[in-house]
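J.: Starting from the structure of chain U, add chains H and W where the hints point.
What follows is each chain in one-letter form.
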Amino acid sequence: MPATLERASPARARTRLSRPQLIRAAITAALLLFVLLGLPQLMSLYYIDTMTQVAVYSMVAVGLGVLVGRVGLVSLGQVAVLAIGAWVAARLLFATTQPFPLVLLEAGLITMVLGVVIGLPALRLRGLYLALITLMLAGAITVVLATVNFPNGGHGFLGYNGSLVHIPPIRRPSIATSDPAYFRYSVVVAILMFALVLAHIKTRPGRAWAAIRQSEPAALAAGINIWFYKLWAFALASFITGVAGGVLAGAVHYLYSIGFPTQDSITLLAVTLMGGVYSLWGAVVAALLYQFLPALLNNWGVSADWLIILFGVGVLQVLTTAPAGLADQVPRDLARLGRFLRNHVRKAAPAPTQGSTK
Amino acid sequence: MPSWQDFEPFIVSGLALGGVYALSGVGLVVLYRATGVLYLAFGAVGALGALIAWSLQKAGTPGWLSWLASVAVAAAVTLGYGILFGPALARRDPLVKAVATIGLTLILYGLMDLLWTTSGGQARSITLPTDGSGFSVGQIQVTWTQVIALAAGVVLTVATGAFLRYTKLGTAMRAMANDRDITATLGVPVRRVEAAAWLGCGVLAGMAGLLLADLVALDATTLTFLVISSLAAVLIARLRSITVTFIAAIVIGLLHDLLTPVNSLTNYRDMTPFVIAAVALLILSRHQVMSQSREEA
Amino acid sequence: MKRLIPARLARRTIMLAAAIALAAAGCSSSSSTSTPAATSTTPATSATPGTTAVSTSQCGSKPGVAATGTPIALGAIATNQPGTSFTDIPNMANAYFACVNANGGINGHPIKLYIETEQTNPAQIAADAKQLVQTDHVVGIIGNTSIIECSVDSSYWQKLGYYIIDSGIAPECYSTPNSAAVNMGPRYSSDGAVQYALAQHASKIVFDQSNVPGTGYIAAGPAALAKAANVPIVQLTENVPISDADSVAIKEVDDAGPNGAVVLNFTPPEALVILQAAQKLGLEDRVKLWGCSTPCNTDFLAASLGPKWNSKLFVNAELTPPDTTNTATMNLYKAILKQYGSAVSGGIGSFSQMGFTEAEIAVHALESITSGSYTVASVNTAFKAVSGFNTGMLCQLWTYGSYPMHIPNNADYTVTPDNGKMVTAQGCTQISSVDPQIAQYRGVAGTAPLAP
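Chains as they are written, first to last, in my numbering: chain U, 1 to 358; chain H, 1 to 297; chain W, 1 to 452.
Among the hints, erroneous ones may be present.
[To be verified] Ranges between beta-carbon positions, derived for each pair:
{"id": "1", "chain 1": "U", "residue 1": "23", "chain 2": "H", "residue 2": "284", "range": "50 to 60 Å"}
{"id": "2", "chain 1": "W", "residue 1": "387", "chain 2": "H", "residue 2": "3", "range": "54 to 64 Å"}
{"id": "3", "chain 1": "U", "residue 1": "24", "chain 2": "W", "residue 2": "371", "range": "53 to 63 Å"}
{"id": "4", "chain 1": "H", "residue 1": "58", "chain 2": "U", "residue 2": "338", "range": "53 to 63 Å"}
{"id": "5", "chain 1": "H", "residue 1": "158", "chain 2": "U", "residue 2": "300", "range": "31 to 41 Å"}
[What the hints assert, rightly or not] Straight-line distance between alpha carbons at most 25 Å, and here's what the computed DSS-like set of lysine-lysine pairs gives:
{"id": "6", "chain 1": "H", "residue 1": "58", "chain 2": "W", "residue 2": "308"}
{"id": "7", "chain 1": "W", "residue 1": "312", "chain 2": "W", "residue 2": "338"}
{"id": "8", "chain 1": "H", "residue 1": "58", "chain 2": "W", "residue 2": "204"}
[Unchecked claim] To be clear about the criterion: a stretch of chain H counts as covered by chain W if any three or more of its residues have a C-beta under 8 Å from a C-beta of chain W, and this derived list gives those stretches:
{"id": "9", "segment": "5-16"}
{"id": "10", "segment": "196-202"}
{"id": "11", "segment": "219-229"}
{"id": "12", "segment": "251-260"}
If you are wondering where the hints come from, they were derived from the structure by calculation, not from laboratory data.
Just so you know, even glycine gets a beta-carbon here, dropped at the ideal spot from N, CA and C.
Here chain U stands alone, though its shape is the one from the complex (with noise of 0.2 Å):
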């Protein structure tokens, strides 16, 4: 498939969405209406506050899903950005009085500039080098959070005081304190970082990425910088996970290192891929397989361990048979079966009308 390189005239970007492609957005609307008015009301607290976690967790999937599906570019270091997010968020909102939104953006961009900063020097590797340099830096903040620890209220840079017997929690935003109210709250910022993301995917940076993606070489003598493109791609997915620990730090509001081990970033990108990293609805089922699935399996007494086997062997099926993941595996799937079930139905059914044809 050769790639798209000619630069889409604005015409066409403009043209009216199809039948399908409408019906499509109706039914996301439709659930995305659910979800924030709907959902609170079913469930109780225990899996509002699973689906919060969700929500976070969606967002880092959908950072990853960019640079992994997007671009290229593996990342085995997204949960320490995630904590680098929450830390500076918890700072901000422990030592100022600022709105929480604000905090967010401060938290996401501070993330991204970081993101940038490391992510300019490791971009000279490619492939399986620069999946374990993240690691390695992932390895290495892991360590540092560790002896730092996070803010909980005390002075200093750090912000940590290690001998209260009290300590404070994160504050929320006011107009979201109850829990119901915040899973709201984070499933907005969810739905934004996602139009982000969207809003990227469609317009020039996605180009330049697929032209990436599909080769390399050829990007280039069609005159796309890509050490660029492949920055701005560091720089989006940093910034959303920023913002999404902030809204993580205003979720627990406690954060301990050891709820960031470096392990998580590998069971991070077992779910990503099994969700599927080409569609924005893989990063929604990845969040669901790494947050919701557990808190269900707690309940019912099942081991977690069963889930981490799950993922392994996720991993081997999405790389050997399946590269787009289950959100694409499902809805063909599901396609092929309405298609036998209507085979079915026609061959049981005596064709009655000759002359029809679909």
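T.: Below, chains H and W without anything else, positioned relative to chain U:
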């Protein structure tokens, strides 16, 4: 700043730690050179073998038999993986092959925690007969096990380097790791060579696992993810030179332990492998883009 | 492509098998009250000779009569992740409750304990608490044992009026009005170990602990003790799991010097790794003595360490040593463990002792409710009202009380390994009031009398 006296015992323990990193690191590079796969499940497979040896010993099996079983299981798992997933992924990027081994790692990790559950007050440990005796260097004792681990690293480096370079089977393995299809057209019995490579890797992982379980801890999490720290040495060698991996591992281990008495840095010493790897890679790549595409194995 | 198909089939089969296994596991497991299917790793420590065979029916008020009324729902949250598992504690409490339920229950009502496990994830822990309250409708919380649960949930329990009985670890388990622990926790247990070392005239203390939440809070206790005794103290932390025990042991010994003491605060596996490394390096005699907080108090550790550590390692024991005590309560504990404690993988040891003690206190409190209605208000009022209760497992009488903070267990034993078993080196000793938190607690609650 601590004096030379203070540093001395840490040189010995640092060499021992370097031996630990070298065992995994060299194993990983050897596997990569022979199969083209960065076998990230190296630690998990070794841990599985060690836990099986522990269970067998508790049930009364004699030591040597349990170690044999442990290595056999590690070899079987690795061979099974290689046969099932090797061909399907053979044409893919080394990155994809490495990520696939992450899948195996997760499966083994979950399995180990299920079968050997963490119990509140108990801890498992495995002892090898060479633990009991040793000699002293300066003020501290060195056990024969640590010497064996270091020696094993050296022997592995020299022997596998020679094997891969000078023997027919070794050359066939290297060729296959580079490009499976072309090697097949040359008349090399691809499936057999591949099986031999994976089997050898499995045996290596099993033996390393036993040594590491003795030297570090018999704990699934520690042993499985120890491979992350060993990757530093592997990266510095750019996944190519076994000798550089060995030397890098020793240096990392030494540096890590030498930082222990330095009070301002001691809490950060666990960062040593990661920082060294990152700095080394950045230096190595300053003039050129470093990639590990298929053509460049 | 023919050769690929069998491999692909194999892969699909594996995936399918995994999915089926997962579904089967999900279907076959019961609700969260079920104890996790623990494949036994090590056999429980065998009962020491000389224990009189005790009928477990003593645990309830009506021996032999099964309770059939409406259940009283209680809840517990415990850490259960690779490397750290505290599920033995609520599981033992559950075993006690099973015994009570088989012998009359609480005025005919059986107790149903909902156990939630967590993996040190604050969001999960908060969610678990809400699950217990909103979905399981528990009226009391007993048996919580978690690295951070007290910190995460204490304001939630305060808001709802739950007074929990737990085995504390985090600072809030001891510093808030709504939690009273049966153990001393890492800080006060480390205090006990350091206190013993100071009493043996150690000239320097090296206090090394695992780098989990709360290190500053924990370190403050030994720091105060050392300062009051005019003994220098070196504070160290280690990232766990430890992968280079050798350098840890060398540093500790170097810092302590020949007349110093090394005091450890780690979970049993990590402490074992450090001590074994010290032994392998030949360092165990290079300091005056070694100390350890309560987690080291297991026969398993004593057996793994070997005779070189006899009277060399002194472990603070928060609970009465089970091997050398032959009281009715201790024998009841062992009997219940044997009959109902199949889910308690650690056997006889401080974890199951804590679970037993917490359940004992809860049952004692529930039996004092005369109104016949077991609501959040009545149950937690009863919990709070427990005063001067002789648990038979602790040095002192145990009191909850209406205090702003709770450290009801503040006197302890010191034990030392003796050829594979832990034996008492020093009887019940009060933790010194030099620790400001202890002083503050004794200021409001007084000093509890030692149990007879």
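J.: Each hint: holds or not?
T.: Hint by hint, here is what the structure shows:
1. U:23 - H:284: 50 to 60 Å: With Cβ atoms ~52 Å apart, the hint holds.
2. W:387 - H:3: 54 to 64 Å: holds (58 Å)
3. U:24 - W:371: 53 to 63 Å: holds (60 Å)
4. H:58 - U:338: 53 to 63 Å: Since residue 58 of chain H and residue 338 of chain U have Cβ atoms about 54 Å apart, the given range 53 to 63 Å holds.
5. H:158 - U:300: 31 to 41 Å: violated (53 Å)
6. H:58 - W:308: holds (23 Å)
7. W:312 - W:338: Outside the cut-off at roughly 32 Å; violated.
8. H:58 - W:204: violated (41 Å)
9. 5-16: Since 6 is at least three, the answer is holds.
10. 196-202: violated (count 0)
11. 219-229: holds (count 6)
12. 251-260: holds (count 3)
Violated hints, listed in ascending order, are 5, 7, 8 and 10; each of the other numbered hints is respected by the structure.
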